[in-house]
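Peer 1: Each chain, written out:
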Amino acid sequence: MSAYRDKDPLIHGIQSKIRVVPNFPKPGIMFQDITTLLLDPKAFKDTIDLFVERYKGKNISVVAGIEARGFIFGPPIALEIGAKFVPLRKPKKLPGKVISEEYILEYGKDCLEMHVGAVEPGERALVVDDLIATGGTLCAAMQLLERVGAEVVECACVIELPDLKGRERLNGKPLYVLVESR
Amino acid sequence: MVEMFAAENGLKGDPRLQAISNAIRVVPHFPKQGIMFQDITTLLLDHKAFKHTVDIFVERYKDMDISLVAGVEARGFMFGPSIALAIGAKFVPLRKPKKLPGEVIAEAYELEYGRDCLEMHVGAVEAGERAIVIDDLVATGGTLSAAIRLLERVGAQVVECGCVIGLREVKGQLRLNGKPLYILVEPREIDGC
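So the sequence lines, in the order shown, correspond to chains U and Z.
Anchor point for the first sequence: position 19 equals 19 in the numbering used here, and the numbering is continuous, going up by one each time.
Anchor point for the second sequence: position 141 equals 1141 in the numbering used here, and the numbering is continuous, going up by one each time.
Simulated from the structure, these hints should not be mistaken for lab results.
One should not assume that every hint holds.
[Claimed, not checked] Taking lysine-lysine pairs in the DSS-like style, the calculated list, with each CA pair at most 25 Å apart, reads:
1) 1012/Z - 92/U
2) 45/U - 1012/Z
3) 1012/Z - 1051/Z
4) 1098/Z - 90/U
5) 90/U - 109/U
6) 109/U - 26/U
7) 93/U - 1032/Z
8) 93/U - 109/U
9) 1012/Z - 90/U
10) 45/U - 58/U
[Unchecked claim] Here are a few chain Z residues that sit away from chain U, every Cβ distance over 12 Å (derived from the structure):
11) 1021
12) 1091
13) 1110
[Stated by the list, open to error] Here are some chain U residues the structure puts well away from chain Z; computed CB gaps all over 12 Å:
14) 102
15) 136
16) 173
Computed from a predicted model, the values in this text were never measured in an experiment.
The beta-carbon is built from N, C-alpha and C at its ideal position, and this holds for glycine as well.
Between the sequences and the hints, there should be enough to build the whole structure, so can you do that?
Peer 2: Given below as structure tokens:
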């Protein structure tokens, strides 16, 4: 599901603040830069408010954010809805005992880690990141949470690249985005 | 360098500080032998204590005319944006090399062994803006010092650095270019050590 509607001024305001940087990190990629959104206090607040409005009062006790841009959006949402924030990190960053989930990249593999004991079985969780592309990272994040018995209620991203069909890699879990970029 | 602990600067006896300290976990010998790592992820799991942390910084900075909160990657990202949102300031991420997609300026700094580098987007900050820098912990001050230099190079005024955890004395001088440093709690020790 996408919040994008031609006539919704809040969404339009948010979308207009996202900067596209061509050929980053490599030729052919049109990078969706959210740092310019963070420079506009009203647009940044609107972004968080839209997610908070959707998730408040839904008994969500965990917001998991994917390193590093998920760390920018996840904690403000967690604080507002009364949930804990759980960082999902690249290998060797988390100091305590972790569980790991490998995932496939375009060339090669990467790995996401979560602290053991951060999440309890039966907890209702969100996964937050700035953007969904192929869905590989979000899928790994969901796996981590489900492996410890949490229920992933939804994945939430500011931006979706629908042409990359990441939505289909989420094992049927719902995806909520504010902005689509084609 | 002026180092200020919250308990000695208006928050003496504030029960929130004890709750914050209690929520921090010490992980011995991470990332290497001898280091007692101050893990704030357990603070993030404690909604009340996490909220207290943000609230204390917000109370301090909301009337200081701050237009910009800079956060140091990656744990500064967990605290900075919430503070920025509450005080109506922009949030500027300061990142390791090659992460920011646009044109950047870079500042190198010394590590115990070797060097590292912090980058900021050109145009994120305007001359004359009043800024704070946020990170989870200050040790030698090398990273914060690089952050201050980046902001000053583009003409911002760094009003203060805010950290959740800080050592009371770090091998003599904290390298913060004369800027004030506001710290909520001291590092925890392992019980029985």
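Peer 1: Work down the list of hints and note, for each, if the structure agrees.
Peer 2: Going through the hints against the structure:
1. 1012/Z - 92/U: Answer violated: residue 1012/Z to residue 92/U is near 37 Å, above 25 Å.
2. 45/U - 1012/Z: Violated, at about 32 Å.
3. 1012/Z - 1051/Z: At roughly 19 Å apart (the allowed maximum being 25 Å), residue 1051/Z and residue 1012/Z satisfy the hint.
4. 1098/Z - 90/U: holds, 16 Å
5. 90/U - 109/U: holds, 12 Å
6. 109/U - 26/U: holds, 18 Å
7. 93/U - 1032/Z: holds, 12 Å
8. 93/U - 109/U: The hint holds at about 17 Å.
9. 1012/Z - 90/U: Roughly 38 Å separates the two Cα atoms, so the pair is violated.
10. 45/U - 58/U: Measuring from Cα to Cα gives roughly 21 Å; hence the hint holds.
11. 1021: holds, 17 Å
12. 1091: violated, 4 Å
13. 1110: holds, 21 Å
14. 102: At roughly 21 Å from the nearest Cβ of chain Z, residue 102/U sits farther out than 12 Å, so the non-interface label holds.
15. 136: For residue 136/U, whose nearest Cβ neighbour in chain Z is about 19 Å away, the distance exceeds 12 Å, so it holds.
16. 173: Per Cβ check, residue 173/U is outside 12 Å of chain Z; nearest 23 Å; holds.
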